[in-house]
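> Fit chain E to the known structure of chain B by using the hints.
Going down the list, the sequences are from chains B and E.
In terms of the numbering used here, the first sequence opens at residue 1 and continues consecutively.
In terms of the numbering used here, the second sequence opens at residue 1 and continues consecutively.
There may be inaccurate statements among the hints.
Ranges of calculated distance between the beta carbons of each label pair, as one might list FRET restraints [unchecked claim]:
#1 E308/E - R315/B: 30 to 38 Å
#2 L303/B - L362/E: 54 to 62 Å
#3 T17/E - N45/B: 27 to 35 Å
#4 R290/E - E161/B: 53 to 61 Å
#5 R315/B - H115/E: 32 to 40 Å
The hints are simulated quantities; they were obtained by calculation from the structure and are not laboratory data.
Cβ atoms here follow ideal geometry from the backbone N, Cα and C, with glycine treated the same way.
Protein chains: 2
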Amino acid sequence: MEFKIDGKSYNKARACTIKTAHSTIQTPVFMPVGTQATVKALDANDLLDMGAKIILGNTYHLYLRPGSKLIKKFGGLHGFSKFPNSFLTDSGGFQAFSLSDNSKPDENGITFKSHIDGSKHYFTPQSVLDTQYELGSDIMMILDDLVALPNTRERIKKSIERTTKWAEEAIKYHKEQQKKGIGVNQNIFAIIQGGTDKEFRKLSATQLCALEDYDGYAIGGLSVGEPNEEMYETVEWTTDFMPQNKPRYLMGVGTPEDLIENIERGVDMFDCVMPTRNARNGTLFTSFGRVNIKKATFKEDPLPIDSECDCYTCRNFSRAYLNHLFRAGEITYYRLSSIHNIHYYLNLMRQAREAILADNWLEFKKEFYQKRENTGK
Amino acid sequence: MEFKIDGKSYNKARACTIKTAHSTIQTPVFMPVGTQATVKALDANDLLDMGAKIILGNTYHLYLRPGSKLIKKFGGLHGFSKFPNSFLTDSGGFQAFSLSDNSKPDENGITFKSHIDGSKHYFTPQSVLDTQYELGSDIMMILDDLVALPNTRERIKKSIERTTKWAEEAIKYHKEQQKKGIGVNQNIFAIIQGGTDKEFRKLSATQLCALEDYDGYAIGGLSVGEPNEEMYETVEWTTDFMPQNKPRYLMGVGTPEDLIENIERGVDMFDCVMPTRNARNGTLFTSFGRVNIKKATFKEDPLPIDSECDCYTCRNFSRAYLNHLFRAGEITYYRLSSIHNIHYYLNLMRQAREAILADNWLEFKKEFYQKRENTGK
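Bound conformation, chain B alone:
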């Protein structure tokens, strides 16, 4: 992976370029979530048309169905889904923890039952990399030890220790595999834990960033219900312990406002199900805030969702038509709304990058918030 800082602006906001074997990614970047080797309601060409350079796949889901060995036969996620740009895959640990019954961590890994058929599985720091080698993702995340919050300080401390231990094992294993010719074009990121406790975050960040063979570092365990201000403070604090010369990825975040605030605090990469999930529920993102397309006020509205938007949906269809499709339960609605919301996120990141490169971040941010306030939405 090549990494280069292209520009900086207010506070810690930065614009970078990441080059993987499959694409050149300009940051700040939002990565649409393609859990089961597809972004919900879209296909590979929809994402290419929107200019997506990297999307996510979920290791837990793909490991269980259709299986990473099958995907490997098709040339990995790229060949299977026909999305030719980069993939980032998580470790599967979060889903094993949140989706499966009776997940149980021990010193060496996590035991869990499949949410599909109840079958029993065991993830280790090594096994989740083996799976990701088969998926062929450009960026692999390591297994971390997640804990439900709130929890005892003792348990959180244990989680940090274990995450560091697994991170040491993972990077050692990865380097060995690469020497054998496995995963040579694949990059690996560690995940900083520690909740919203500054000392824990510092401890986890310091320990993991000392493992210098990692290609990048993520901040995990945020956006799990804590107040926004706590999330922003934790990110602001944590990025100070992360190296300048590697990408920084804030996992599972968030709203457009969250992205803006965290770019300013030094984050380069984001992912979240919000644009696609909200689209399906009727919530659309616009330059003037959120819109609920279900509302009766849109029933006869001939305007596009957002007159400033140049996405496929806004170029072609009215709010009235989308309101009708939503109310009628038409599948067509899901694709059109998902295209709009993902385009909004990708475009917001392009605008943020421009603002950083032009060194007018504060002006950009002010305008971002003002537009939302002016329309009272």
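Relative to the frame of chain B, chain E by itself:
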């Protein structure tokens, strides 16, 4: 509406050109069903990309939601859905009969309750045209009196009489409206009833086709559970009483085999939910017969659905990927499979037309069946 016969071949197979205010339609033609102003899982551009020159809308659904007055404000179905080619709308009578509670015909129309909110409505031969004027469809179907089958000869006879009476009223009303400048670019088709009884069909066809102001004639009330052979015989018989110089439309039919058999018996136009509904259920149409994409044999199959097919889905995605998307319940599957199945139907009609124009219908038909037999599907 301009109508021209371009060529004829074996038996009564014919290739025609129909010109409406919105498109030039070459027959035999299959019209994808867009019940609620969208073909399920697709949008206007998907249909344009596939070369669809005419699609259906359902008057009953659109009358109830979002309402034909609203659609009129958007320039009719064309402006609302952004599909610029032709629309055919049914009268709504069939859905009032089949979808609503307590539908009840009388001498002047049909009373029914909305399947959405239980509200009470009344359709008359005139009111369904008023609705279709607002929808702006290129071809409007008239209200007919449907009866559940099997039924008494008396009730079927009553249905034919009433359908003819309503057809007389409808064409009179339409001509009056056109004189007032309403619906001047809209065409109107009558619907021949009579079940599978030859005398009843002859009676209904003769009465309706004597109303020479109609722009075309449809055969209704078939494909409702009767054996295929009875349907084919009824069509063969009925088309003899229909004029040569106007389009013939067989409503709600059918399988690819049904289309081939009925083209040979003189039908020009077809519609059916089969390609889209079957797609969603996992059944895909190919040159070698039907394929159930759910089957485990496709799990690792790198081939497209049909190697002879040049649809968007077959050009881009494997059976294995579609199998995975289907099993994973991904919305993306519905669009990709619907594109393939509709393309199959549209393409089959293009091939049928070529065979008719080259006057080698029997050869074409033989090959159509042989391919299916050879692969045992």
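> Now tell me, hint by hint, if it's right for this structure.
Outcome of the hint check:
In this structure the hint that E308/E and R315/B lie 30 to 38 Å apart at CB holds, the actual value being about 34 Å. At about 55 Å, the beta-carbon gap between L303/B and L362/E stays in the expected band of 54 to 62 Å. The supplied range of 27 to 35 Å is met by T17/E and N45/B, whose beta-carbon atoms lie about 33 Å from each other. In this structure the supplied range 53 to 61 Å holds for R290/E paired with E161/B, their Cβ-Cβ distance being about 58 Å.
Checked against the hint of 32 to 40 Å, the C-beta distance between R315/B and H115/E comes to roughly 34 Å, which is consistent with it.
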